[in-house]
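**Q** Listed here are the chains, written in short residue letters.
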Amino acid sequence: MAEKEYAYFSGCSLEGTAKEYDESLRAIMKALGVNLVEPDDWSCCGSTPAHTVDHVFAAALAARNLTLVEKMNKDVLTTPCPSCLMAFKKAQFNMSRDEAFKDEVNGLLDEAYNCGVESKSSLQVIYEDIGLDAIAARVTHIMPDLKVAPYYGCILSRPPEIAQFDDPENPVSMDKVLSAAGIQVQDFAFKMECCGAAFGVPKREMVNRLSGKVLEMAIDAGANCIAVACPLCQQNLDLRQEQVNKTTGSNYNIPVIYFTQLIGLAYGLSPKELGMDKVIVSADSITRRITREEYEKIKADEAAAKKPQKAKKDAAAEETNN
Amino acid sequence: MSTQKLKEIIKQVLPDVETVICWQDGFDKLNVTPIFITSPEQADKVVWNPLCAQNLASYLPSQKKKVAVAVKGCDSRTIVQYMQEGLIDRDNVVIIGIPCKGVVSKKKVQKAIGNEPVEDVTFTDGSVKVKTPSGEKTFAIADVCPGKCASCQYPTPIVYDHLTSEAIKSDKPAESVYADVAELEGKTLEERKAYFLGQFDKCIRCYACRNACPMCVCQDSCIAETREPHWITQKLSLDEKLMFHMIHSLHLAGRCVECGECERVCPMEIPVAKLKKKINKEMRDLFDYTPGVNPEDKPPMYTFNVDEAKIKEHKL
Amino acid sequence: MRVGVFICHCGSNIAGTVDVAKVAEEARKMPGVAYATAYMYTCSEPGQKEITDAIERDKLDRIVVAACSPRMHENTFRRTIMKAGLNRYFFEQANIREHVSWIGLDKELNTQKAIEEVRMAVAKVMKNKPLFSSSFKINKRVLVIGGGVAGMQAALDCADGGLEVVMVEKSPSIGGMMARLDKTFPTVDCSICILGPKMVDVAQHDLIKLHAYSEIAEIKGYVGNYQIKIKKKPPYVDWTKCTGCGLCMEKCPTKNAYDHFNFGAAPTRAINIPFPQAIPKKATIDPNHCRQFVKGKCGVCAKVCPTGAINYEMQDEFITEEVGAIITATGYGLMDIERLTEYGGGRYPDVITGIQYERFLNASGPTSGHIIRPSDHEEPKTIVFVACAGSRDKSLGVPYCSNFCCMYIAKQAILTKDHIPDSQSYVFYMDVRSPGKGYDEFTRRAQEEYGAKYIRGRVSRIYPKGKKMVVKGADTLLGTQVEIEADLVVLGTAVVSAPGAAQMAEKLHISYDTFGFYVESHPKLRPVETNTSGVFLAGACQGPKDIPASVGQGSAAAAKVLSLFSKDMLESDPAIAQVNQNTCVGCLKCLKTCPFQAIVEDILRSGKKVAKVIETVCAGCGVCTSTCPCGAIQLQHFTDNQLLAEVNAICQK
Amino acid sequence: MSEVAAKELRIVGFLCNWCSYGGADTAGVGRFKQPTDLRIIRVPCSGRVDPMFVVRALITGADGVLVSGCHPRDCHYTDGNFYARRRLEMLKRLLPFLGIDDKRFHYTWVSASEGAKWQQVVTDFTKQVHALGPMHQK
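Chains as they are written, first to last, in my numbering: chain C, 1 to 322; chain G, 1 to 316; chain R, 1 to 653; chain A, 1 to 138.
Just so you know, the hints here were simulated from the structure itself, not pulled from any lab data.
Just so you know, these numbers come straight off a predicted model, no measurement behind them.
Even glycine gets a Cβ: it sits at the ideal position worked out from N, Cα and C.
Hints should not be assumed to be uniformly reliable.
[Said to hold, decoys possible] Okay, the calculated bits of chain R under chain A, using three or more residues with CB under 8 Å as the criterion:
(1) 610-623
(2) 627-641
[Stated by the list, open to error] Here are some of the chain R residues that sit facing chain C, going by a computed Cβ distance under 8 Å:
(3) E342
(4) S395
(5) Y463
(6) P464
(7) K465
(8) Q578
This is chain C alone, in the form it adopts within the complex:
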């Protein structure tokens, strides 16, 4: 069951390029009656660069924030960004298993961290703690033209022994959350294919090629929008979509939206509030909204239209049976 209040770590990208992820997450959490409390004086979680240099230092960067959460005497910390999540989870995993490592890390900190905080991605909190019924209950609008390819990125549920969330090879949590929010979800085979991640700087063409494949597969799957849960994926797929077209000679024009923004739209929140203006490829064309009642009415009319033939078909089946 969802607690009423969670310690919330936004992380650096959600203060900058992924502002809309932070805004939309806060908006839907408020709508779902969950309060997010940021630990004051939080610092960089270390993300990928730290642990490629020094594991102890990386764990210390993450653990510093976890001690702040411990001081708030909270035992769960949620963060939307998978990179921050992995930093916290790895620190927790290694420090709670290896006494010597823990002491070494605590040596770098002003206050020791005693492994009391469990980190959960915001998607996990929404999917497991809040739950699909609660999400569905709050839906006020439907986007009939929208067909979404849910894109998880590579570290949301990997490595399995540390992530311990959803299926490491074929996750379904975002699919279920979006369909609970009344959004049509396509079966997307590349939901975990690599988008090129941080190679956007040193090897841009490779990122364009990899992201291009993901965009192409999304379109093949019949989607007209890609839902993401990671700032870096969003950047590679949306910000660099123009570069992809240049490098691979394609002309993709598919919006890449955070799953929290989509849920926000389904809750009838204003695009402004959800930071819809901050995405590069605009999604206005496909996020036409009608209220839920109108949607039901349309559904009812369609069913009525189809009823006559169905009646005829049933009658025919009746004869052959006996």
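Knowing the structure of chain C, use the given hints to seat chains G, R and A on it.
**A** Quick look at chains G, R and A alone, frame taken from chain C:
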């Protein structure tokens, strides 16, 4: 409850039993002793008062024919445990149940009156008056009763064929039963070690506790004294004494009905029942089993569950 | 009492880290020891002679050998001292190799430990009493559990050896996994052609009694005298009347029943005969899909059946068989394809398992031998085989190699070429494991003669692209990524233990490893025996293995049973419980706790109630001895005094 | 007592023949190094281990006692370890009441194939007993 009603019942059941086991006056005013009634005249010698502390049910396993026995609430648990373990045939026993408000510990009274000779003892409801050469003293039964009565949960016998008076409910809180154990558990390991070794060092290996214990059915094959198997020697060393009391406690694991006989008869006033009560407390926590309460129960040390809810594997 | 102590060097295994001379020297000082020496190889011929000579020369009456584990050579040395005229229970073995020399770093501490282990053994041997085994009749009938190739071979060999065999097969027909195969490697001869005749032999052999569509409910007793309770599941068809004509199968309205025989490669009817060569060739109704059971009304098969064999009211039927030995040949299972999520197992219809593909290849299979794509029933041109799909993968809990996938994948690649000449097969592999006779040449032929392209690398993902299935993997020899657009993907799924293997092991009192495969008595020296005497293993139930190995083990298990039954009487193990009826007080706690119900109530002439042990049923666990308050019942050779002697030998203050 | 004994404490092990004794053999065959304090007594089944044996050992000189049998459900005699589990758990809870630190007595389940686990059990238990030091004045 008058002794009169008890005598009537005894005379009523006497014809269809071999003997009736009850209490009669002892060698002095402060003592009662068991009586094996075979004829109606003997029934008149019967007494019932708070001095009737002996657990008469202990005689049942050795009885060959059908007998009747007078039992208090705590004594009746012995019968229930015998039924659980098949040590008696329930149809061969007529149980005369006596609701009891607590008995008197003879030793506590003697200590209270400075071991003076006792001239007369009379009982009024809830207290006992003792007449000695230096005058009369009255004590509330609650102050001179053995530990078991202070936390008695079963004042009325659990099984009986006749009841001498109205059944009465226990007014003692359930957790008072193991209050003494909890108090010892509060102490440190060293304190408890010193306490028990100190107490058991007083033991003179007279085996009174074993002989009085209703659940000790090994009679003269007790391994405290045999060569085959040869667990302990007769040497009066603390180790051997501790071994004997551990044998007694472990053999009573999940069987001790807390009738208090072992502590009542111990000449050295060693709290021998403490270890047994600790095991009973664990039996309750582990298997929520209390010995001698439900005839259908199975003693936990002689059965098992494939998945034990409360036994977790100990990690090093 | 004159105890002889023999400390073994065991070459350098013991002498390397234990001062054996010092141990022998200390042993001489121990009370009761008349002779102590160290010897290079005590278990060798001269070593044993050293013992028998010493017994003669020094009139020794008890022997202690300090060497390897008693689980290894206790019986060897017992036989040795028997030759010298001592009762074989006047012997104790101190384990100073596995428990001392091989695991201790400090020579001084090892020597001290070896001395104390010898002191314990000497203390115990001085309390040992002579024990004599009694003998009991053997019931020379054998139970074979499982009708696969291993079970059938074992049953036929036993029956040909003159033993009565009771075979219990869980599914409606014997034949096991081999009956489902089209061809067998490495000779590509037709599986049912070589298996069918054996199946018929089993059916027609007058010494073999077959209980098909039946399961083991309960096993009681011990070697030589087992009572097997068999549950005959209701096929809802009276097999005495059914002629196997198959009319019911044709007319049955339910066309989407799950087909266990074809592993769901295609649906079948609610009433069916698994395959044409089925033994017994009888129909069976699947109550989960039959409308008569699901909807309560249909009765089509009952109407059409010429012999009126259909009977919807049939119930479980329990029968008991008395046997003397059990051969377990319960086979293996295959990993559930849904567990391979990165390959889309269970999500994409055109990603199937090797056994399902084998059924497509098989002429009597659901597609009569035509290879099709389950999605659109078209003939695939590009087929990709993925070896090690689930095997050798710690994260899926299957770290072991499944033994025969490489071989059947090569075979299927060859057969694919025969069936579809213009097809192209690809095989993703880590290592081609083809160790058997003619095996490697066979996989070579698949590549060179039949043009199968072997790509050395793992497959990372399989996803649909239009009608094709894109197989994305690595080619580690070329160092590149590979993407193949396949029409059909065949996964060589991992071999796992048969469903219900653990429960069967618990009924047999045999142990099983973490993967559910049964544990043999000794991996190298006794592969077909178990620690429970009288229970033998054959085939893949002990671990993944191919047909030649399974058949070999079937015969091996049969040979073991035949040698067990070569004697008319079996010697009982004398280390069993014995009641001292003088000290027993008849509380019968032992009777209540005995796991084998080997203790009964006995009334002496004096009318005293006491316990009595049934010698042939007691297995010697000793629970009664630790339960008896007055020590009246004592497990011989592990009595309280003997164990106390060992405790006292170590625990002097 | 020789100074050798000073380094070593006296730990008595009761191992069931079918599983744990086999596991100790497997550890030996695998050359899994272990401290040498443990002295192993072979019993047919953990159900044969009367809690009195553990008490006897602890009172008359042992510094630690280890009992190991087959995993529940895997007992060669079907029920032996089920009885052992209840009786040894009862003893494990009684010892501290009597003043004997229950860390001196450990019971566990090790199968014949678990050589590495056996090495771990012996190493950890020996360390645990050494932490408590000798129980009897030498």
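**Q** With reference to the structure, classify each hint as holding or not holding.
**A** Status of each hint after checking the structure:
1. 610-623: holds (count 5)
2. 627-641: Satisfied; 4 residues make the cut.
3. E342: 4 Å, holds
4. S395: Hint holds; R/S395 Cβ to chain C Cβ min 7 Å, cut 8 Å.
5. Y463: 3 Å, holds
6. P464: Interface hint status for R/P464: holds (6 Å vs cutoff 8 Å).
7. K465: 7 Å, holds
8. Q578: 52 Å, violated
Comparing the model with each numbered hint stated earlier shows that hint 8 is the single one that does not hold.
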